[in-house]
Every structure is written in C-alpha cells, then in structure tokens.
Amino acid sequence: MDLVRISRTQYQLLLFLCYWFPVSLQRVETPPVEYAHSIRLDGDIILGGLFPVHSRGERGVPCGELKKEKGIHRLEAMLFAIDLINKDPELLPNVTLGARILDTCSRDTYALEQSLTFVQALIERDGSDVRCANGDQPIFAKPDKIVGVIGAAASSVSIMVANILRLFKIPQISYASTAPELSDNTRYDFFSRVVPPDSYQAQAMLDIVTAMGWNYVSTLASEGNYGESGVEAFVQISREMGGVCIAQSLKIPREPRPGEFDKIIRRLLETPNARAIIMFANEDDIRRVLDAAKRSNQTGHFLWVGSDSWGSKISPVIQQERVAEGAITILPKRATVEAFDRYFRSRSLSNNRRNVWFAEFWEENFGCKLGMHGKRPGSLKKCTGLEKVGRDSSYEQEGKVQFVMDAVYAMAHALHRMHRDYCFGYPGLCPRMSNINGKELLGYIRNVNFNGSAGTPVVFNQKGDAPGRYDIFQYQITNKSTAEYKVIGQWTNKLHLNVDAMRWRTGDPTLPASVCSVPCQMGERKKIVKGVPCCWHCERCEGYHFQASEFSCELCPYEQHPDRNRTGCIPIPIIKLEWHSAWAGIPVFIAVLGILATSFVVVTFVRYNDTPIVRASGREMSYVLLTGIFLCYAITFLMIATPSLAICSFRRVFLGLGMCFSYAALLTKTNRIHRIFEQGKKSVAAPRFISPASQLIITFSLISVQLLGVFVWFAVDPPHTVVDYGEQRTSNPEKARGVLKCDISDLSLICSLGYSILLMVTCTVYAIKTRGVPETFNEAKPIGFTMYTTCIIWLAFIPIFFGTAQSAERMYIQTTTLTISLSLSASVSLGMLYMPKVYVIIFHPEQNVPKRKRSFKAIVTAATMSGKLVQKGSDRPNGEVKTELCESMETNTSSTKTTYVSYSNHAI
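Quick note: the sequence shown uses the working numbering, first residue 131, plus one each step.
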C-alpha cells in the first residue's frame, strides 16, 4: 500500500477545514459516494468540475433554485467536450478522460466544502482498491485522484477553491472568473482562466468612457470579489491614465435591506452631472437598480455602462426596457458552438442519465413533474419524457459554453503534450503519468496554443490570463418598439467603436454628456477644483494675457496684444500723427498762414529796405528775428512728418532754433535799449557794442550756444526712431496702439527748449526795465507787450503739455500743443513788431519819412524825465504830467545844441 506524504502546512490546513466543516471531516474519515450531489465519469485521467447548478439558498439552506443556463448548460458543455476529446484519435489517443463534477450552489463556503472531494485521494493513507467478495459494487469506493479542475464560475468561489487547490498543487482553469486579484501569481499560482481578467474589461470600459467624451462618472458594484475588484481595477486604471474622475463609488450589499436601491438612486442623483454609471454587479442587482431608477422617474437620465455580468442578457432588462435603453455593455468575445446546440437539443431523460441534475432541469424547463418524487412542487402537469428541448421549450445557448469547452480542451492539450513527452508513443497511460505532477502539468497548461471553439487562439500569459477580446453592445429600442442588443464595437487591446451605430432615447444623434464641467470657451483657462481634476471653473484671460494652455494664461510680449479669441498674440498696430488728422490740420493751417504772413513781411521789408521805418527797425536784427519767426512756423511740418532718422535729426536741430533766433534778437535789442539809457544817466557818451555789426555778433553768439547744445546731444544720444507701446497701452487691449515717434523724451524736449525759454525770460526782464522809454523814440514797449503775451502762452503750454502725459491721446495733444504754442509765439512777435510797420509802409507812406535829428543826451533826458513824471502822475490832476513833460523836453532841447542822435540810425 502506497503512502502519500503531506507537508506540515497541508496538515495544518486540513485541521482548520475539519474544524470549520465537521461534515467534510466525516466524509474524509469515511467518504461516502453521494452521486445525487455530483457527477462521476470514469476514465484514465479524472478532471474536476465546479458549476453553479443551483443558486444560493436562503435561511440556512445551502442551495436554492436550479440555474438552467449558468448551471446545466455549462455543465453539459464540459461533458460534451470530454465526449469529443475521448472520440478524437489525435488528442490523447488511447487515453480516456473522466470527470467529477460538483455543484457550488453559487456560494463560496459551500464550494470550499465540496472541493475537499478533489483532494481526498491525496489525503487518504490507504491507497488500495475496495473490492467486495461477491463482486458487487462497494459501498465505499476509492476516491478519484483529480489532476486538474475546471471552474469555478464566480470569482469569489474560484478564490476560495484556489487557496486549497494550490496547496495540493492541482491546476485550475476557470471559464468565467474575471477578478483581477486572481492574476496574482504569488497567491494563485495554480490558477488559470480562458476569459480575460476584469483589469482588461476595466480598461475596455474606460476606453469606451473616454471615446464617448465622458470624464465624470460614478461606479456601482455588487459586494464581493467580482464587483469590488472590477470597480477597483477601473478606478486604478482611470487614475493612472487620467482624464476620468469618479464622482461616487457605491456598493450594493449582499443582503440589501428594503429601500436600499431607492437610496442608491438618490445617492447617484447627488452628482447629477455624473450621468454615466459604471456597473460591476450581478444580474439580480442590475435588475433592481433599473427598477429603482424607473420608480424614481429617472428614465433616460442615467447612462449605464455594464460589465460582462450584464453583457447581452435579457433577464436584467425584462420590463425595464425604457430605463435600460442606451445602456452600453461588454462581453468577452464569443461565438455560438453549433455542435453543442445539436448535442443539447438531443438530450433526453433516457440518454442523459449521467447528469444527476438533468431530471430537475427537465421539470424546470418544461414546467412538469416527474412521478410522485418529482422536485417541482405544485405542478399539475406530468412529464411524459417525450418532450424535446428547443421544440417544447425555448432554448438559447448560454454565453459561457464556449469558454467551458475551451477550458476542458486547454487541459486536454496540456495532458496530450505531457503524454507525448513522458510516454514516447506508449499507447494509453504510461506508468510515468499514473501519478501526474501538478506543477509540471501547470507548465504545460501555460504553454498551450490552439484554436478554440470560436476559432480564436487559446493562450495564457505568464499570469495565467487569457488575452482580452470583447464585444461591445448597446441596448436599443427600434422604431418597431422591439428592444435588442446590437454590437457597436469590439476591444482587442484597442477600442474599435462605431459611434454612428449608437442610438439614444432622445433620438438626438449627438452624444449625451457626462462631464463635471463644460469645456471652457476660447480665451478661458481651467481653474481645477481641488481634489477633483475633472471639475473646474472657467476664468477668462484678462488684460494683455492670452490662453497659453488649457490651464494657464500668459502675458503677451510688450509689443503685442491678444487676438480676438485670446488664443495667441498679434502685433499691436503702429500709428503716427497723420496729415489728414484734425490734430494736425489746425497746427498746419496756422503754420501756413504764419509762413505766408512772414514771407509777406520779408518781401515788404526787402522792397522798402531803405525807407526810414525799415532802417529805423534795425534791418539786420529784423531779418534775424523774421528768420526765427519763420522757423517757429516751419517746425510744425517737422513735428507732424513721419518719423525717420532725417526727420528726427531735423527736429532736434530746429525745435529750439526758431525760438532761439527770435529771442536772441529781441534780447539783444532790449539789452541795447537798456544799456543806452542807463549809460545816458551817467554820461553823454554812447555805450559800446550798439552798432549793427556788434548786435549781429551778440545775437549769433547766443544762437551758437543753442547749436552747441544740440551737437552735444547728437554725440551723447544719436537720434533714432522708436515705437512707444506704453503711450496708448489702454486697459482694453484691442484699442492699444504703438506710437511711432522720435526718441525725444520730455526731459530732452525741455532741455532743448529750456535755453530759448531762458532767453525769453531774460528778454522779458529787460522789457520790464525799459518800459519807461517813450514809445515815440523806441520799440521797447512793443517788445514788452510781445514778451508778456509770449510768457502767458508758454505758461499755458506747460500744464497742458505735462498734464496730458498719462492720456491715451498724449501724442496728439502734446504735438498739437507744442506746435500751436510755437506758432502763436511767432504770430505775437510778427503781429506786434512788424504788422504795424508794414501797415504804415503800405497804407500810410506819407509817415515813412525821416525824423529830425536829436541829441543823444536829449533822448536820454527825455526818457529819464518821462519816468519821473509817470511816477508822480498818480498824485496830480490830468494833464499836468503831459505839460511838465513837454516843458522839460523843450528846455532840454533848447539847451542842448552840440550832440545829436539820428532817429533813423539809432531808433530801437
């Protein structure tokens, strides 16, 4: 008798199982054969099978109602596959496969108890066969040695069973368990599956959500390994890939209380923007969730995305068609096995006695009762045994039939290769394979590669998982009010979705939205809500900022402003003072009139150059002064002309030169008058430097100072043009303009005009000092009035010019103000100093005659007396001053006979 050695770990696990499952312990000690609860097929190699033949029982009962499709269809698929393999001369020749198939009752703890049957042969110490002396079948048969297990269906059941099977090194291939945690080779190293794990399914569902443009979803899972692991995989992948946020993750309890599903719907409605619901739930929970949504009058609100537990099943959507309309579901890619359809339709009570649950299926399927001991209570109809599947009842192949057959064939192909390697052509089972090593068999299982029942390759990766291949369905209601699942795409490591084939309840071809926040408009950035990257507030890029990216606004370069959509920057338009502008029209008009008037005066003076009035005006100084007046008018055209290197250079030269010419000449004149009369008070001798040549030298010396300053300015800061973007940089970027101008700052402008203003102020001081000289003998008073008026003009200019430094119209206002001030100053000088003379020359030529000569002392004395009398004038009656002045003049005239001053030669 052979003894099987068990490790210390195996022994401890056995003690644990015996403690929790006393019934199982009894079976281990004296294992009875309870064929009513299992199917046993004899063979050279025995495979185990785990199927949910019955649903979960209630109130302490382990098993409930029979599951026709998930239980019987799948179980018969394993039997059918074994039949095909045993008949195939190319696959395991001369080797017969047997089976021991158990019912899990859709409960993990019950499945664990049942699975102890698979390890009995490994625990049993007495390995000898039991034989009866009379040749009858023994009451207690020797337990079958299971080399591999097909199953289970539910992930929770597979996890529970895998823990004990790995301990005894029994390979396991599941046909329906998809929990991601079963991919953990460190815990479930003997587990494989012909269906892809939920991690692939979760990836496919995430790809669907992304393709639909949904980024804000909720998840709903049935409590248990399948639902919780599926949702966990979806959440994990969505976090790794980004772009999809989870609004809520809700769980459906195993034993939901009344009103639980209505509460779930209310919870989902707390985030109304998350319309897409990712569901990893069993079909019973799916049906009750849809029913609760219908009761809450939320038909059409939720966008259901169901896992393979929903797939293309009818049961979850019966009487819930409207609320389920538009649901997108996923199902491992499968095909109908027509050979199985023929096999199953041919099954009857007479030819299928090996299936111990087939009689129960018969009653359930045909709604009848088999004899007095039938298991269908309350049925009045008696089964005849002549009923036929598909004729007397509806029939549709269950979706996992293909995978059950693929799992059996995967085990068979692994055994076939092992037999080929171990037995070397030995017919039947060779001695080396009489005790198959589970770890070696696992290696052969992981290396199988054959075309399955659907024509697709059956392979396993290093974790024992099958590749992901899914069909994508949408539940649609057509115009004829018929509801059906339609294939809209597929997923094979990459999504292929036919969006045009999709239909929605509203009839609108546009895709429904499930987003937390609507996309921002152009020119707006997303401000992410903390902790929820799919929710944001839209903030417009203000001012001179543009939308640099989805989440940021950046400032445009200084010379640019945002475009109309604020998605980029464009150059700021460049402007200059145009000739047709009103700001230029008025100064130009004044300047043209001034130039014409000045030209007229110059022509008149040249023509009447030798007349007394022209000679008395000081011809040389008059022409210098008229040149300055002309330049003051002419500078207007340089200030308005388009800035260039030449224009900027001329501006620097002529900006202050016209005023310098004018006020240097006037200053020289007033200084001459002042010196003459001051000298006359001391002596009868004429002061020096009062000749015309001396006056020109003094004037041009003063002008040369201005030119010297300009040349220094040229050397220190060469002229050039600039575009000033700050002058008209308004709060509204669309109105921003760059101003093309010469690089002349306000300080440079003041420095350029400063010297001329100094000359003007000095000239004004001399005009005040010489205000007492009689107008009959000099030009002091006209010069004084000219300087007073000019000072008023420039005093008005300063606040206007500098007060508008921050104005958007600065260029226009300052240029216009400067040019008009220069033109007005020139006009005052021209009008007060020369227009009266021109008037006399043209209209009163009789007054343009030589005056009598008077002595220098007489003139000075007259001026002195005039000043004194004016001082006393306020205390005397009218007329007395004039009388005294006349007398004084006559006295001085009669007493002075020797020194004469010609008016024509020395008039001021």
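Simulated from the structure, these hints should not be mistaken for lab results. Hints are supplied without guarantee of correctness; some may be wrong.
To be verified - Listed next, the in silico SDA-like pairs over lysine to any residue satisfying Cα-Cα at most 25 Å (straight line):
| # | residue 1 | residue 2 |
| --- | --- | --- |
| 1 | K443 | L479 |
| 2 | K198 | V486 |
| 3 | K217 | N495 |
| 4 | K299 | V578 |
| 5 | K275 | S168 |
| 6 | K275 | E311 |
| 7 | K569 | A584 |
| 8 | K624 | E311 |
| 9 | K424 | L479 |
| 10 | K499 | A469 |
| 11 | K512 | C560 |
| 12 | K656 | M632 |
| 13 | K393 | E311 |
| 14 | K299 | C560 |
| 15 | K899 | D876 |
| 16 | K393 | G456 |
| 17 | K657 | E614 |
| 18 | K443 | E614 |
| 19 | K518 | L479 |
| 20 | K393 | N427 |
Values in this document were obtained by computation on a predicted structure and should not be read as measured data.
Each hint tested on the structure:
Using a Cα cut-off of 25 Å, the hinted pair K443 and L479 is violated, with the two alpha carbons roughly 28 Å apart. Taking the CA atoms of K198 and V486, the gap is near 14 Å; set against the 25 Å cutoff, the hint holds. Note on K217 and N495: the hinted pairing is violated, with a Cα-Cα distance of about 30 Å set against a maximum of 25 Å. As the CA atoms of K299 and V578 are separated by approximately 19 Å, the hinted pair is consistent with the 25 Å bound.
Distance check on the hinted pair: K275 and S168 sit about 15 Å apart at the alpha-carbon level, within 25 Å; holds. Between the alpha carbons of K275 and E311 the distance comes to roughly 28 Å, so the proposed pair goes past 25 Å and is violated. About 29 Å separates the Cα atoms of K569 and A584, which puts this hinted pair outside 25 Å; it is violated. Distance restraint check for K624 and E311: the Cα-Cα separation of roughly 23 Å lies within the 25 Å cut-off, and the hinted pair is therefore satisfied.
At most 25 Å may separate the alpha-carbon atoms for a hinted pair to count; K424 and L479 exceed this at roughly 43 Å. Taking the CA atoms of K499 and A469, the gap is about 29 Å. The hint is violated against a cut of 25 Å. Straight-line distance between C-alpha atoms of K512 and C560 comes to about 50 Å, which puts the hinted pair past the 25 Å bound. The straight-line distance between the Cα atoms of K656 and M632 is roughly 31 Å, outside the 25 Å bound, and the hint therefore fails.
This hinted pair does not check out: K393 and E311 have alpha carbons roughly 30 Å apart, beyond 25 Å. Straight-line distance between C-alpha atoms of K299 and C560 comes to about 21 Å, which keeps the hinted pair within the 25 Å bound. Between the alpha carbons of K899 and D876 the distance comes to roughly 33 Å, so the proposed pair goes past 25 Å and is violated. Using a Cα cut-off of 25 Å, the hinted pair K393 and G456 holds, with the two alpha carbons roughly 23 Å apart.
Taking the CA atoms of K657 and E614, the gap is near 43 Å; set against the 25 Å cutoff, the hint is violated. A threshold of 25 Å between alpha carbons decides the hint, and for K443 with E614 the separation of about 10 Å falls inside it, so the pair holds. Between K518 and L479 the CA atoms are separated by roughly 10 Å; this keeps the pair inside 25 Å, and the hint holds. With a CA separation close to 14 Å, the supplied pair K393 and N427 stays within the 25 Å bound.
The structure does not agree with the numbered hints 1, 3, 6, 7, 9, 10, 11, 12, 13, 15, 17 stated previously, though it agrees with the rest.
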